[in-house]
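Peer 1: Assemble the complex: chain S is given as a structure, and chain X must be docked to it using the hints.
Number of protein chains: 2
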Amino acid sequence: MDGVILIGQQETREGNGFFQATDPSSGTLIEARFPEATADHVAAACALANVAFDEYAMLAPEKTAQFLETIAEEILAIGDDLIVNAMQESGLPRARLEGERGRTVGQLRLFAALVRKGEWLDARLDPALPDRQPMPRVELRSRKIAVGPVAVFGASNFPLAFSVAGGDTVAALAAGCPVVFKGHPAHPATGELVAKAIGRAVAKCGLPAGVFSYLPGTTHKLGGALAADPNIKAVGFTGSRAGGLALMRIAASRAEPIPVYAEMSAVNPVLLLPAKLAADAEALGKAFIASLTMGAGQFCTNPGLLLAIDGPDTDRFTASAAEALAGNAALTMLTPGIHAAYCKGVDALSAHASVRLVARGLVGEGPHQAQAALFETDAASFLADEALGAEIFGSTSLLVRCRDAEELKRILSKLEGQLTATLHMSAADEQLAAALMPLLVRKVGRILANGWPTGVEVSHAMVHGGPFPATSDGRSTSVGTMAIERFLRPVCFQDIADALLPEALKSANPLSLPLRVDGALK
Amino acid sequence: MDGVILIGQQETREGNGFFQATDPSSGTLIEARFPEATADHVAAACALANVAFDEYAMLAPEKTAQFLETIAEEILAIGDDLIVNAMQESGLPRARLEGERGRTVGQLRLFAALVRKGEWLDARLDPALPDRQPMPRVELRSRKIAVGPVAVFGASNFPLAFSVAGGDTVAALAAGCPVVFKGHPAHPATGELVAKAIGRAVAKCGLPAGVFSYLPGTTHKLGGALAADPNIKAVGFTGSRAGGLALMRIAASRAEPIPVYAEMSAVNPVLLLPAKLAADAEALGKAFIASLTMGAGQFCTNPGLLLAIDGPDTDRFTASAAEALAGNAALTMLTPGIHAAYCKGVDALSAHASVRLVARGLVGEGPHQAQAALFETDAASFLADEALGAEIFGSTSLLVRCRDAEELKRILSKLEGQLTATLHMSAADEQLAAALMPLLVRKVGRILANGWPTGVEVSHAMVHGGPFPATSDGRSTSVGTMAIERFLRPVCFQDIADALLPEALKSANPLSLPLRVDGALK
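Here the protein sequences come in this chain order: S and X.
Sequential numbering from 1 applies to the first sequence in our numbering.
Sequential numbering from 523 applies to the second sequence in our numbering.
Rather than coming from a laboratory, the hints here were simulated on the basis of the structure.
A virtual CB, placed ideally from N, CA and C, is assigned to each residue, including glycine.
Misleading hints may appear alongside valid ones.
[To be verified] No farther apart than 25 Å at their CA atoms in a straight line, the calculated lysine-lysine pairs in the BS3-like style are these:
# : chain 1 : residue 1 : chain 2 : residue 2
1 : X       : Lys585    : S       : Lys117
2 : X       : Lys585    : X       : Lys931
3 : X       : Lys639    : S       : Lys117
[As the list claims (entries may be wrong)] What follows is a list of derived Cβ distance ranges for each label pair:
#  : chain 1 : residue 1 : chain 2 : residue 2 : range
4  : S       : Ala499    : X       : Asp576    : 49 to 59 Å
5  : S       : Gly455    : X       : Ala863    : 29 to 39 Å
6  : S       : Gly327    : X       : Ala1030   : 40 to 50 Å
7  : X       : Ala906    : S       : Gly224    : 24 to 34 Å
8  : S       : Ser426    : X       : Phe540    : 54 to 64 Å
9  : S       : Ala520    : X       : Gly624    : 22 to 32 Å
10 : S       : Val363    : X       : Asp576    : 42 to 52 Å
11 : S       : Ala435    : X       : Pro658    : 27 to 37 Å
12 : X       : Arg659    : S       : Lys414    : 30 to 40 Å
13 : S       : Ala520    : X       : Cys865    : 46 to 56 Å
14 : X       : Asp576    : S       : Ala497    : 41 to 51 Å
So here's chain S without its partners, still in its complex pose (with noise of 0.2 Å):
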């Protein structure tokens, strides 16, 4: 069954050609082809999110929640469709999608409460002070509103929760822009699934058409058209580095430069304390293993990094990872082209002078699979090409040995910007661990102990995000409800007749909003 283009309610099949995704598993084409949007489909759709944009920003927002909630419904009756159409989209197994599955919809519901208790449109009120000295002084009433329709760029590596309903359309979706997705070429099928459950849900909702539209298609060319598009104000991407810098730069060069919400690349740094390595270094070997290997290592957060103070402890842990790598089954990488760069990273590494192979996993069965592999440098050889702190996607890492604290202490102030830092300490680490605080502060989005970066919890205090490069714009986050922030911005009405405020902002306030008055919530 072939794919189509969606332009809010309407499907085409009419594209520039065909391309069909690749099974990575097997490393066949998938026999469905998918149209290739052209730069007319993106005009078509951002003109028709243009035309959809008053009403949907300014849509109480019960029933904002409510068409969330019925996304979240329309992908559960997709049923097991988009399960199997998944795994053999992107070589990840059933419990893993399920899995993601299951977050991609409470993803929706926990937006949904979120839009519904209101407390993210900031509504404000600074009453008339008619007899104040010596001015008086006008009624000022404020609301934050979206900041128009917005361009989402899904990623390879969550087929579902930070693809086509993922993190950044939701967000954008609860804040009351209208979106523009463009279809990743990796998993045309599960994307298109979950573009028509979302249509479904337009219409059930009675929602303008234009709230939301679906290009597939595989080239550059179309997803910096649609960046470049006059009526899209922010975009949300997730993807490499490369394909983030591209889109800040035709967003900065545009006639109106818009905002740009990349998340791009990181290493994240894990940071072997040394009591903690005195106590557990066993242990921990085995843990880094279990984590860098998890799902091939595709995730944004894999731990790429390691410091530790070189030392007989850090042997042991070395000894110990390595022993859990030799048997480390390799899995399948998302698509050929994340397998081949990743073989390229790993060669690369390989062939360093100054880097030192620590161990390798098992070689893959099939095409397409990770060989994990970890190695080794000291300090002053990393400190010396900038090339060793790239990220490498998927499951490969690089220990640094360090001398001493301060050499420690060096790199992490050499350190890009990242998502993560991770602090492996015990009690007796917490002198050092707190003058490392200040520079992970600096330097991250979110810092954690005696644990593994790989989980992303989608609550409220999650940050996912961090600065540059770790993405485009570190003053938000991209997964958690505070990622609704980055699509709004606040706009004043003084002085305005009832009649004429937004809703959300009229004297009998009659949507129940949480008001802040002069400053103080009410």
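Peer 2: Frame of chain S; chain X shown alone:
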């Protein structure tokens, strides 16, 4: 008395030569010489700001609040010297500058109160759920922290309230960001008096020296070096469109791109709706000229564009405005350069084939005085020439006569982003106003009715911002307490021991902050 460069608590006169300001009222150079800060001063000030960051960003809110209040006291302690210097350097009258000093001090105190309340930290806790199925939940805590050292460029038109201790400086200091201030060359003595007051407050409060530095200078190169310095993590700017765009380009092309909050240009459309015009044309004409010519029209929110439906009531309005304008005394502009640009802009309108002069104010009696002006054109001509929508900084405005409401809407929909839009309306205009509201919400940061946009209240619901090119980033405001958000980013702490958590997030809540637990404020 010659001026200084301030690198933290260090004063130096060793710049790249000296510059002098002009007294715009007389057109003569003022005697005092000020050193031109160099790239070396930029590097030193930014390095010192970087050193100050860790301590200052984590300061207890009470301490930050006391610092802001001490700055206010130190500014008042300067006494009349501040007003006398500001009068000489800006050509603005005493009453205006005394009022502006009150606003500056009030703004510092308002932010002190805001900082003390601590809501801006957005402290959050998602408690651990060790028994959750299928996976336990870790403990997550988050707070907002300062983005890093901030470069601030002040405006010429508010030598106190939007200069050295102005809106951006206060918001950045409140958020915990050290500030490196690029002194405005039009008011170096005024700027230095305030910079030294901030320096005394830094010393009195025992803060790290790098919390504030002051770099006087006249060149774009100096400003460019400041925005490009790797220790700077955000830019605040108020000034010309060309200046703002240049800073945006520099910030985007850095190895680590940073946010720029540039408040650039606006014509602030004023819509004279038919019923109101029929009822009040004469009074509106008079009141409009008062708003247009106040302070020689040197306000970001000056009403530079009037939209009305053509007819006899519009004629009554222009007749009344023309009469008021004819007796309007010219006022001295801020600098010779601003006066020259004003004259050039007015001359271009005068010479425009499709533009007709309605009236001019009195010719100035001194140098650099703005002879106010009102022009008119028709909607078709306005739509045909983009240049007619560009800001002319000063007391000139262009009335566009529209055939009907549809043409008025067409003009609104073609306008670029604006700081404000004003509706002059009666109850009978409500239907038309309602039809215009969605367009206005998209285009501006503040919509007001039956007033004039030139007053900008410093309060909680104020938005002084708006879509590009009114500002570089319509997601925030440069006036009012919401401005603190522009200099913050969230950081998450996962399973971090209490001893290592920032004070704001410790279990015992030693700062007594409002805490959001599982999404709900406690």
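Peer 1: Confirm or reject each hint.
Peer 2: A quick look at each hint next to the structure:
For the hint pairing X/Lys585 with S/Lys117, the CA-to-CA distance comes to about 34 Å; that exceeds 25 Å, so the pair is violated. Using a Cα cut-off of 25 Å, the hinted pair X/Lys585 and X/Lys931 is violated, with the two alpha carbons roughly 51 Å apart. For the proposed pair X/Lys639 and S/Lys117, the alpha carbon gap of about 22 Å is at most 25 Å, so the pair holds. Remark: the range hint 49 to 59 Å for S/Ala499 to X/Asp576 is upheld by a beta-carbon distance near 52 Å.
Between S/Gly455 and X/Ala863 the beta carbons are some 57 Å apart, a value that contradicts the proposed interval 29 to 39 Å. For S/Gly327 paired with X/Ala1030, a C-beta distance near 46 Å keeps the hint of 40 to 50 Å intact. Look at X/Ala906 against S/Gly224: about 31 Å separates their beta carbons, and that is inside 24 to 34 Å. In this structure, S/Ser426 and X/Phe540 meet the distance hint of 54 to 64 Å, their C-beta atoms being roughly 60 Å apart.
A hinted range of 22 to 32 Å for the beta carbons of S/Ala520 and X/Gly624 is consistent with their spacing of about 23 Å. Checked against the hint of 42 to 52 Å, the pair S/Val363 and X/Asp576 passes, with Cβ atoms roughly 47 Å apart. Restraint check, S/Ala435 to X/Pro658: a C-beta distance of roughly 30 Å satisfies the suggested window 27 to 37 Å. Evaluation of the 30 to 40 Å hint for X/Arg659 and S/Lys414 yields a pass: the beta carbon distance comes to about 34 Å.
At roughly 48 Å, the beta carbons of S/Ala520 and X/Cys865 sit within the given window of 46 to 56 Å. Taken as a hint, the range 41 to 51 Å holds for the pair X/Asp576 and S/Ala497, whose Cβ atoms sit roughly 50 Å apart.
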